[in-house]
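Number of protein chains: 2
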Amino acid sequence: MRRVGRGCLAFERPPALLGRAAVGGKREAQGPLGADLDKTFGDTSLGMDTWEQAEAQLQKEAVALALARAGLGPEDLDLIFAGDLLNQCISSTFGVMGYQVPFLGQYGACSTMAQALLLAALAVESGAARQAAAVTSSHFCSAERQFRLPLEYGGQRSPTAQWTATAAGCAVVGLSGRVKVRGGLVGKIVDLGVKDPANMGAAMAPAAADSIARYLRDTGTSPGDYDGIFTGDLGAVGTALLYQLLAEEGVHLQRVHDDCGLLLYDRQRQDVHAGGSGCGCSAAVLCGHLLKRMEQGELGDILFCATGALMSPTSQQQGQSIPGVCHVVHLTAG
Amino acid sequence: MRRVGRGCLAFERPPALLGRAAVGGKREAQGPLGADLDKTFGDTSLGMDTWEQAEAQLQKEAVALALARAGLGPEDLDLIFAGDLLNQCISSTFGVMGYQVPFLGQYGACSTMAQALLLAALAVESGAARQAAAVTSSHFCSAERQFRLPLEYGGQRSPTAQWTATAAGCAVVGLSGRVKVRGGLVGKIVDLGVKDPANMGAAMAPAAADSIARYLRDTGTSPGDYDGIFTGDLGAVGTALLYQLLAEEGVHLQRVHDDCGLLLYDRQRQDVHAGGSGCGCSAAVLCGHLLKRMEQGELGDILFCATGALMSPTSQQQGQSIPGVCHVVHLTAG
Numbered sequence: 006m007r008r009v010g011r012g013c014l015a016f017e018r019p020p021a022l023l024g025r026a027a028v029g030g031k032r033e034a035q036g037p038l039g040a041d042l043d044k045t046f047g048d049t050s051l052g053m054d055t056w057e058q059a060e061a062q063l064q065k066e067a068v069a070l071a072l073a074r075a076g077l078g079p080e081d082l083d084l085i086f087a088g089d090l091l092n093q094c095i096s097s098t099f100g101v102m103g104y105q106v107p108f109l110g111q112y113g114a115c116s117t118m119a120q121a122l123l124l125a126a127l128a129v130e131s132g133a134a135r136q137a138a139a140v141t142s143s144h145f146c147s148a149e150r151q152f153r154l155p156l157e158y159g160g161q162r163s164p165t166a167q168w169t170a171t172a173a174g175c176a177v178v179g180l181s182g183r184v185k186v187r188g189g190l191v192g193k194i195v196d197l198g199v200k201d202p203a204n205m206g207a208a209m210a211p212a213a214a215d216s217i218a219r220y221l222r223d224t225g226t227s228p229g230d231y232d233g234i235f236t237g238d239l240g241a242v243g244t245a246l247l248y249q250l251l252a253e254e255g256v257h258l259q260r261v262h263d264d265c266g267l268l269l270y271d272r273q274r275q276d277v278h279a280g281g282s283g284c285g286c287s288a289a290v291l292c293g294h295l296l297k298r299m300e301q302g303e304l305g306d307i308l309f310c311a312t313g314a315l316m317s318p319t320s321q322q323q324g325q326s327i328p329g330v331c332h333v334v335h336l337t338a339g
Numbered sequence: 006m007r008r009v010g011r012g013c014l015a016f017e018r019p020p021a022l023l024g025r026a027a028v029g030g031k032r033e034a035q036g037p038l039g040a041d042l043d044k045t046f047g048d049t050s051l052g053m054d055t056w057e058q059a060e061a062q063l064q065k066e067a068v069a070l071a072l073a074r075a076g077l078g079p080e081d082l083d084l085i086f087a088g089d090l091l092n093q094c095i096s097s098t099f100g101v102m103g104y105q106v107p108f109l110g111q112y113g114a115c116s117t118m119a120q121a122l123l124l125a126a127l128a129v130e131s132g133a134a135r136q137a138a139a140v141t142s143s144h145f146c147s148a149e150r151q152f153r154l155p156l157e158y159g160g161q162r163s164p165t166a167q168w169t170a171t172a173a174g175c176a177v178v179g180l181s182g183r184v185k186v187r188g189g190l191v192g193k194i195v196d197l198g199v200k201d202p203a204n205m206g207a208a209m210a211p212a213a214a215d216s217i218a219r220y221l222r223d224t225g226t227s228p229g230d231y232d233g234i235f236t237g238d239l240g241a242v243g244t245a246l247l248y249q250l251l252a253e254e255g256v257h258l259q260r261v262h263d264d265c266g267l268l269l270y271d272r273q274r275q276d277v278h279a280g281g282s283g284c285g286c287s288a289a290v291l292c293g294h295l296l297k298r299m300e301q302g303e304l305g306d307i308l309f310c311a312t313g314a315l316m317s318p319t320s321q322q323q324g325q326s327i328p329g330v331c332h333v334v335h336l337t338a339g
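As they're listed, the protein sequences go chains F and C.
For the first sequence, my numbering assigns the number 6 to the initial residue and increments by one for each residue that follows.
For the second sequence, my numbering assigns the number 6 to the initial residue and increments by one for each residue that follows.
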């Protein structure tokens with residue numbers, strides 16, 4: 006481990022991805038990345054009694070499939086870093102507890118997959134774990150109930166609103182493999198005072214701009230050095246703001262940039278307004294789509310920059326702003 | 006870093022505590038450890054508009070005091086691991102965001118301080134951070150509102166219930182110092198099917214027994230090898246169960262054991278029923294009381310075993326059990 010800058014890390018013995026898997030619901034199956042998901046569920050209850058249990062089941066499935074692809078069992082994992090959007094992270098608890106792997110719950114809102122993956126890589130490189138997993142999830146129905154309105158209410162969505170993905174992604178990290186975790190950056194909390202919970206993209210864009218600019222500066226690289234820079238999940242509104250904020254610092258990443266929230270759905274056809282969001286969105290895009298393209302040699306060197314909006318309905322109701330955070334993970338396919 | 010067992014770690018270059026601080030409310034000030042707290046607030050609103058903002062303020066104060074004791078500023082921290090009990094960990098977000106330190110939100114319910122401290126130590130030993138901080142908080146009033154009943158309702162508490170501490174603790178980890186983090190163990194989620202949210206001690210005791218027994222086995226040590234084994238927060242009910250569960254495995258730790266939930270308050274005088282709880286309870290007992298005793302030479306070698314109940318009001322209402330987790334941190338004063 007080499008400390009490149011504040012919160013900016015480069016692995017000297019880069020850990021590798023041994024396995025990865027993404028699962029999704031019906032809408033995700035029907036989207037442009039449907040074929041990249043390892044398993045999808047037409048019945049988004051997954052046969053469970055509650056949406057929260059259905060979300061836990063998504064994590065359980067993602068872990069099982071990632072382990073299978075790695076040729077490992079749960080007993081081969083020394084640590085699991087798991088997170089989600091639900092109060093007290095219950096879909097992580099109930100999703101992974103059956104595997105009986107030492108458990109570290111993570112919370113970074115929709116940035117959690119990047120956070121969990123960085124920490125899993127740190128655990129493996131340091132020798133704390135032989136293998137470690139990172140898994141995150143979200144579910145449209147559990148998120149609507151908790152953050153917004155009962156589904157039955159049929160509330161109208163604003164054009165800037167994003168659609169919480171019903172999805173989960175899991176990555177298993179070890180020492181040898183083709184796709185490597187080279188380093189990354191832990192983001193600071195950035196708060197420009199955005200208060201509109203129907204416009205998370207705007208709340209998170211400043212954090213994405215801050216973390217990406219710092220990472221490029223600390224590592225002395227520019228956007229053109231990467232095959233892709235993928236944020237998650239800024240959606241259409243946040244992406245436009247990201248370009249604007251970075252342009253002010255002389256950074257132009259349009260040519261290599263895409264956003265997980267814009268990749269997962271066809272915005273015109275699928276009525277998701279500004280795009281996808283949720284801890285499961287960037288996790289599924291990373292573990293289903295991006296890592297697959299890296300394995301196939303289509304992408305050699307990418308930055309995965311997951312973004313989170315660190316708010317709760319309570320902080321909203323109390324008039325607080327929506328601070329954002331963005332963590333960066335640098336991945337290469339050797 | 007040496008991997009001793011599954012989730013069980015020994016630091017080869019043990020990180021050290023550079024600074025630590027504990028803050029509390031009125032009841033905590035009046036308790037047996039009142040004199041060990043660095044700052045207490047007779048007005049538990051801390052002058053803020055909401056209980057949630059008051060809790061955030063507790064974290065902010067704890068970080069400031071721990072940094073001051075370490076002779077450092079926020080810019081000297083490369084990472085901060087922060088957590089709390091509130092939905093989406095908002096007291097961590099709003100408590101520490103002003104410091105502008107790269108942020109990793111942690112969730113392990115009342116075990117979060119042990120989790121955050123282990124990860125901060127891992128970050129420092131690996132070279133990812135020059136200095137890192139761990140901070141957690143809880144507030145009686147924000148917890149009651151969220152997990153139980155409005156304060157104004159004046160609900161009766163059952164004898165097995167615990168009192169959520171209004172407190173926070175922060176530890177700053179670096180490379181040189183007298184009190185060292187020697188190692189620890191990341192706990193598995195243990196679920197024996199307890200469903201009574203007014204008896205968290207019973208829900209967490211099986212996890213504490215599992216983690217302590219595994220740590221002793223993996224390290225080949227016995228309770229007598231330590232000056233103290235401190236759980237947090239099992240309270241009176243959970244402590245009795247812990248003794249019973251460990252006795253079944255031939256482990257007897259009564260002589261060296263105490264529980265943070267039993268240390269923070271005088272149960273008879275302070276009407277806290279089975280004892281204290283909350284992310285801030287074990288954090289304040291560790292950072293106010295235990296580390297002070299280590300600095301003064303009264304304790305040389307301890308295990309800090311914070312326990313968490315991984316439930317939410319939603320999982321409760323849906324009839325789910327209350328799984329527990331317990332993380333162990335081994336500390337020595339050299």
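To be clear, the hints were calculated from the coordinates, so they are not data collected in a lab.
A portion of the hints provided could be inaccurate.
One copy or any two copies: either way a pair holds, since identical chains are not told apart in the list.
Claimed, not checked - In silico SDA-like cross-links for lysine to any residue, where the CA-CA straight-line distance does not exceed 25 Å:
1. 200 <-> 151
2. 200 <-> 150
3. 31 <-> 273
4. 44 <-> 271
5. 200 <-> 18
6. 31 <-> 79
7. 297 <-> 79
8. 200 <-> 50
9. 200 <-> 104
10. 200 <-> 52
11. 200 <-> 39
12. 44 <-> 321
13. 200 <-> 183
A quick look at each hint next to the structure:
1. 200 <-> 151: both (18 Å within a copy, 22 Å between copies)
2. 200 <-> 150: both (20 Å within a copy, 23 Å between copies)
3. 31 <-> 273: within (17 Å within a copy, 56 Å between copies)
4. 44 <-> 271: within (19 Å within a copy, 54 Å between copies)
5. 200 <-> 18: Neither: 42 Å inside a chain and 45 Å across chains, both beyond 25 Å.
6. 31 <-> 79: Neither way: residue 31 and residue 79 sit 28 Å apart in one copy and 46 Å across, limit 25 Å.
7. 297 <-> 79: Cα proximity of residue 297 and residue 79: one copy only (22 Å, versus 40 Å across).
8. 200 <-> 50: For residue 200 and residue 50, the Cα distance is within 25 Å only across copies (24 Å; inside one copy 32 Å).
9. 200 <-> 104: between (39 Å within a copy, 21 Å between copies)
10. 200 <-> 52: Between copies only: 23 Å across chains, 37 Å inside a chain, cut-off 25 Å.
11. 200 <-> 39: neither (33 Å within a copy, 39 Å between copies)
12. 44 <-> 321: Neither, since 35 Å and 29 Å both go past 25 Å.
13. 200 <-> 183: neither (42 Å within a copy, 45 Å between copies)
Consistency with the previously given hints fails for numbers 5, 6, 11, 12, 13, ordered from lowest to highest.
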